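Student: Sequence:
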Amino acid sequence: SLQGFLGGDNIPAYRNPGMECCEMHSMSMEYLTYPWMNLFFKEDTEKYLYQHLADAITFIPYGCIVDAFQAYVYENPDLTHKERKAYFRELEKTYLPHKNYAGNEFLESGGFFMKQSHIFELPFYYLDYTIAQVVSLEFFSMSEKDHQGTFEKYLDFCSLAGTLPFRALLKKANIKNPMDGDTLKEVAEETMAYLNTFDLSKIDQ
Numbered sequence: 001s002l003q004g005f006l007g008g009d010n011i012p013a014y015r016n017p018g019m020e021c022c023e024m025h026s027m028s029m030e031y032l033t034y035p036w037m038n039l040f041f042k043e044d045t046e047k048y049l050y051q052h053l054a055d056a057i058t059f060i061p062y063g064c065i066v067d068a069f070q071a072y073v074y075e076n077p078d079l080t081h082k083e084r085k086a087y088f089r090e091l092e093k094t095y096l097p098h099k100n101y102a103g104n105e106f107l108e109s110g111g112f113f114m115k116q117s118h119i120f121e122l123p124f125y126y127l128d129y130t131i132a133q134v135v136s137l138e139f140f141s142m143s144e145k146d147h148q149g150t151f152e153k154y155l156d157f158c159s160l161a162g163t164l165p166f167r168a169l170l171k172k173a174n175i176k177n178p179m180d181g182d183t184l185k186e187v188a189e190e191t192m193a194y195l196n197t198f199d200l201s202k203i204d205q
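Position 103, counted from 1, in the sequence shown is what our numbering calls 103; the numbers after and before it change by one each time, with no gaps.
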């Protein structure tokens, strides 16, 4: 809503960014509101912050699984359902090796993808969530160093709306492209460094 408001002065066709950008603003705002989470979660604020950030970083490999799976399915239209499931399970073992489906034959055979409606309703859109998550974690990292400056940068980013294509939009806003160089590695390292500051003995209670 904020992005829509800030971009409202643009030519109608430029008011909203492309599909590859539209999740970036809402995800980034989640981190910019961290300083006020104590108003909601009180004594459980640390638990919320840890869980929210941990979910964000672990979502990225899952998003990659969904995208890689879709590409494989479309490249191999004659696959049987059993073969599709087997490939999805193979991807899970690569990207999310900690998953343990022991005792659940359906999931162990690769059936988890059946619950992901995007695969059937919005093919190839899911990667946009992953891209947006990396950008939002960039905003998180910046906000930890300079919250006010990052918020102002965020407002400028929202105001750009759909005036530029994806790469040019990020460049104009001085945001690293998630698919360039070491961006993902840097974001992951900074996020993990923050997660390691939590006292898990208190969070697990």
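FYI, nobody ran anything at the bench for these hints, they're computed from the structure.
Keep in mind the model is a prediction, meaning the values are calculated, not measured.
The reader is advised that the hints may include incorrect statements.
[Stated by the list, open to error] In silico SDA-like cross-links for lysine to any residue, where the CA-CA straight-line distance does not exceed 25 Å:
id: 1; residue 1: K171; residue 2: E23
id: 2; residue 1: K145; residue 2: A102
id: 3; residue 1: K171; residue 2: L200
id: 4; residue 1: K172; residue 2: L195
id: 5; residue 1: K185; residue 2: C64
id: 6; residue 1: K153; residue 2: E186
Student: If you test the structure against every hint from before, which numbers come out violated?
Tutor: Going through the list in order, the structure violates hints 2, 3, 4 and respects the others.
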